[in-house]
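Got chain A; can you put chain B on it based on the hints?
Top line first, the protein sequences correspond to chains A and B. Using UniProt numbering, read the first sequence as starting at 1 and increasing by one per residue. Using UniProt numbering, read the second sequence as starting at 1 and increasing by one per residue.
Among the clues, some could well be false.
[Said to hold, decoys possible] PhoX-like, lysine-lysine: derived pairs with alpha carbons at most 20 Å apart:
#1 B:Lys693 - A:Lys88
#2 A:Lys82 - B:Lys693
#3 A:Lys82 - B:Lys695
#4 B:Lys169 - B:Lys224
#5 A:Lys28 - B:Lys627
#6 B:Lys693 - B:Lys627
For the record, the hints were derived by calculation from the structure and aren't laboratory data. Just so it is clear, the structure is predicted and the values come from calculations on it, not from any experiment.
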Amino acid sequence: MVRSTGNDAQALFHALRSAYAATPTNLKIIDLFVGFAVCTALIQVAYMAIVGSFPFNSFLSGVLSCIGTAVLAVCLRIQVNKENKEFKDLAPERAFADFVLCNLVLHLVIMNFLG
Amino acid sequence: MGRGNLGGGFALLILVVSSIYQAAAIFHPISDSHRSAALDLFTPVHHGSFSSSLEEAYEALRTFEILGIIENKPDVGAATCHTVSETFRSTSSTSKDLYHASKVNSILKCDVDSKVFEGVVSRLQAAVSDAGSLLDFYYSIGSLVLIKDRTSKEDLHLVDAEGVFHSIKALSQSDGRWRYSSNNPESSTSAAGFALEALAGVVSLASSEIDQSMIGTTKSDILKLFDSIEKYDDGAFYFDEKVVDASDHQGPLSTTSSVVRGVMAFAAVASGSLNLPGDKILGLAKFFLGIGIPGDAKDFFNQVNSLACLESNRVSVPLILSLPATVLSLTKKTPLEVRVNTVLGSNAPPLSVNLVRASNSGSKGASIIENQELKFDPENAVYILDVLPKGVDVGKYVFVFEVVLHDSELKKVYVTGGQTQVPIFVTGVIKIDNAEVAVLDSDLGNIEIQKKLDLAGENAVSLSANHLEKLRLSFQLTTPLGHAFKPHQAILKLIHETKVEHIFMVGSSGKQFEIVLDFLGLIEKFFYFSGKYDMQLIVGDAVMENSFLQALGNVELDLPEPPEKAPRPPLPVDPYSRYGPKAEISHIFRSPEKRPAKELSLAFLGLTFLPFIGFLVGLLRLGANLKNFPTSAVPATFAILFQLGIAAVLLLYALFWLKLDLFTTLRTLGFLGAFLMFVGHRTLSHLAATSAKLKSA
Numbered sequence: 001m002v003r004s005t006g007n008d009a010q011a012l013f014h015a016l017r018s019a020y021a022a023t024p025t026n027l028k029i030i031d032l033f034v035g036f037a038v039c040t041a042l043i044q045v046a047y048m049a050i051v052g053s054f055p056f057n058s059f060l061s062g063v064l065s066c067i068g069t070a071v072l073a074v075c076l077r078i079q080v081n082k083e084n085k086e087f088k089d090l091a092p093e094r095a096f097a098d099f100v101l102c103n104l105v106l107h108l109v110i111m112n113f114l115g
Numbered sequence: 001m002g003r004g005n006l007g008g009g010f011a012l013l014i015l016v017v018s019s020i021y022q023a024a025a026i027f028h029p030i031s032d033s034h035r036s037a038a039l040d041l042f043t044p045v046h047h048g049s050f051s052s053s054l055e056e057a058y059e060a061l062r063t064f065e066i067l068g069i070i071e072n073k074p075d076v077g078a079a080t081c082h083t084v085s086e087t088f089r090s091t092s093s094t095s096k097d098l099y100h101a102s103k104v105n106s107i108l109k110c111d112v113d114s115k116v117f118e119g120v121v122s123r124l125q126a127a128v129s130d131a132g133s134l135l136d137f138y139y140s141i142g143s144l145v146l147i148k149d150r151t152s153k154e155d156l157h158l159v160d161a162e163g164v165f166h167s168i169k170a171l172s173q174s175d176g177r178w179r180y181s182s183n184n185p186e187s188s189t190s191a192a193g194f195a196l197e198a199l200a201g202v203v204s205l206a207s208s209e210i211d212q213s214m215i216g217t218t219k220s221d222i223l224k225l226f227d228s229i230e231k232y233d234d235g236a237f238y239f240d241e242k243v244v245d246a247s248d249h250q251g252p253l254s255t256t257s258s259v260v261r262g263v264m265a266f267a268a269v270a271s272g273s274l275n276l277p278g279d280k281i282l283g284l285a286k287f288f289l290g291i292g293i294p295g296d297a298k299d300f301f302n303q304v305n306s307l308a309c310l311e312s313n314r315v316s317v318p319l320i321l322s323l324p325a326t327v328l329s330l331t332k333k334t335p336l337e338v339r340v341n342t343v344l345g346s347n348a349p350p351l352s353v354n355l356v357r358a359s360n361s362g363s364k365g366a367s368i369i370e371n372q373e374l375k376f377d378p379e380n381a382v383y384i385l386d387v388l389p390k391g392v393d394v395g396k397y398v399f400v401f402e403v404v405l406h407d408s409e410l411k412k413v414y415v416t417g418g419q420t421q422v423p424i425f426v427t428g429v430i431k432i433d434n435a436e437v438a439v440l441d442s443d444l445g446n447i448e449i450q451k452k453l454d455l456a457g458e459n460a461v462s463l464s465a466n467h468l469e470k471l472r473l474s475f476q477l478t479t480p481l482g483h484a485f486k487p488h489q490a491i492l493k494l495i496h497e498t499k500v501e502h503i504f505m506v507g508s509s510g511k512q513f514e515i516v517l518d519f520l521g522l523i524e525k526f527f528y529f530s531g532k533y534d535m536q537l538i539v540g541d542a543v544m545e546n547s548f549l550q551a552l553g554n555v556e557l558d559l560p561e562p563p564e565k566a567p568r569p570p571l572p573v574d575p576y577s578r579y580g581p582k583a584e585i586s587h588i589f590r591s592p593e594k595r596p597a598k599e600l601s602l603a604f605l606g607l608t609f610l611p612f613i614g615f616l617v618g619l620l621r622l623g624a625n626l627k628n629f630p631t632s633a634v635p636a637t638f639a640i641l642f643q644l645g646i647a648a649v650l651l652l653y654a655l656f657w658l659k660l661d662l663f664t665t666l667r668t669l670g671f672l673g674a675f676l677m678f679v680g681h682r683t684l685s686h687l688a689a690t691s692a693k694l695k696s697a
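One chain only, chain A, in its complex shape (with noise of 0.2 Å):
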């Protein structure tokens, strides 16, 4: 019973990292790229938890200029992916440029926040 399960496990990652490997490349990078993010986020949540939220403006714009750039990222990938019919019409150009002034304006107000 415990063996089926761990090899069904096995199975269903493998068939997961075979259909991944079909992913564009330009859709893996923007998915390192919202890993890398998040990982910075996690990486100062744990720095909270040990030493505490003092500043706490401070740990607010950190974490949240991570988050905010994973979303925008994620919705970049939304927009880019030639699979999803509801942006076929929009030039991924269009997209990056989108991501871009989005993450300005994010920043903008991270810098305002951040004291």
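For chain B alone, coordinates are given in the frame of chain A:
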């Protein structure tokens, strides 16, 4: 009792309101107290001379001269005269120095060589013709006038008197004020005083008569200046600058003094009369007298010198009515004395003083004396009303006096100011009758103990009561004429052995004063303290000659035991510590938050770079590349500019965090954003076009 208190308060309110309404002030002429103050204020400092500056020496000498005490100071002459003749000899002395030297010389009559004066006169003549500002004219013309008076040179004249008159007059403004110089647009009231004094000097130095029309316009200027005079409630008039310039604001005393000197000097030399309203002249005198005795030498000189100007002026000489005492005692039968003097305290011409009416300031309209002439006592130069009429009781009165000059010719010379209101207190002994203290039964009010009191003498009654009984204190107050009298204060004080005090107001109905203390309702107020209470009675009033604070004796109170939550008496406050310095405030600052160890923070800083490194490694493994980067020159430039633009914006954000403010950041961001938009659009559309070509190919 409550109603009595309320009525009393209302009566007091009426009294206060009416005394404000009848704001009558008494002004006293210059007296010996001024003389002794002058001797204290102006004391020689430098080897027998008054001061290093001749201006201050002149102010001291002039004050002494006016007050008639210059003979007491013979030692100041020699040293000051030495300074005067040095100033005259020196070629570097300005016309201001010469002016003050001439002023001192006019008082001390120093021995100066007449040849020296000739040189000074020619320098001053040159200064008058070169003068550009009002003060240049004022000092040089003033010096010339003084030298002319001193040396009695009849041939000392101004070269072009009319021309000088014109150039000074050119500085006058339409409202009667003057400017200090033609390139200074600010006009000033004290400048008017200087100008008028200078013009008076020009008139007296002119070889022929000055054009009458110019004198006439100057007179109308003076009248316009008097339109801007300001007034206090007590009838005093004064001048002040309209535009208060903080840098050299002199205050109303110096301004008014300057105007009075100028106007009186001009009135002295101008032919024809100057029709200034007499009440304003009197008001100016009241202003100077109302100051009292100034503590500053300059103010003292301004006051005394202006009063001397008013004393001997040609327009109208103010006469001041004053009373040596405004408190009349019915028991001592003090007569009412009134003096009428000039401002400097010399005797007035023959005149009579009438008491027009006298009325109680509490009850309006009811006049007790009407139209009575005061008897003149030539020995002491006072006007006396020796017997007050029968109907005058104790209280506060307002007496209205009127000064009538005997000689109708003198009415043009002197101004008396019509009627003068003076507040007068009439005091007397108040009779106290039927004073007694009693302990009453609470239910029926039966008298249990009753003791007579002699409020004029010693009292030591000893009573005892419990909380079911009452204490009653009663007495009667009557004025000498038998009317009811209501003092300002009628207070009963109970003092416990522990020094806790309780104060009760004694109410009245008519002559009868009574207070009943119901101890049942006062238990809480007394903090349940049983024991001996000392009784004190205070009856006091401004017009009551026998006001008193009397110990009546004591009362032994037996109050119930206090319950658990009984109020505690407040801790006695030391009356000195209340006004003493307060304890020093020690500031409490918020303690800084705990910070983690530096190493830990740096370790986490390094840790945040790990995901970035992971990201770069991931990129390498995915085989990411820059093959899509434009290769041809123009798009490549735009692409590079796009990257640089983004870097610039991020750098700006970093600067915003470190030092810039939001406004600077947003402004710069506006420019960078527009640039970035343009470059980004070009780059991305080029990329889009390239990829579209690839697809179609």
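Okay, the hints, checked on the actual structure:
{"no.": "1", "hint": "B:Lys693 - A:Lys88", "result": "17 Å, holds"}
{"no.": "2", "hint": "A:Lys82 - B:Lys693", "result": "17 Å, holds"}
{"no.": "3", "hint": "A:Lys82 - B:Lys695", "result": "13 Å, holds"}
{"no.": "4", "hint": "B:Lys169 - B:Lys224", "result": "15 Å, holds"}
{"no.": "5", "hint": "A:Lys28 - B:Lys627", "result": "17 Å, holds"}
{"no.": "6", "hint": "B:Lys693 - B:Lys627", "result": "16 Å, holds"}
This entry satisfies every hint, going by the numbered hints stated previously.
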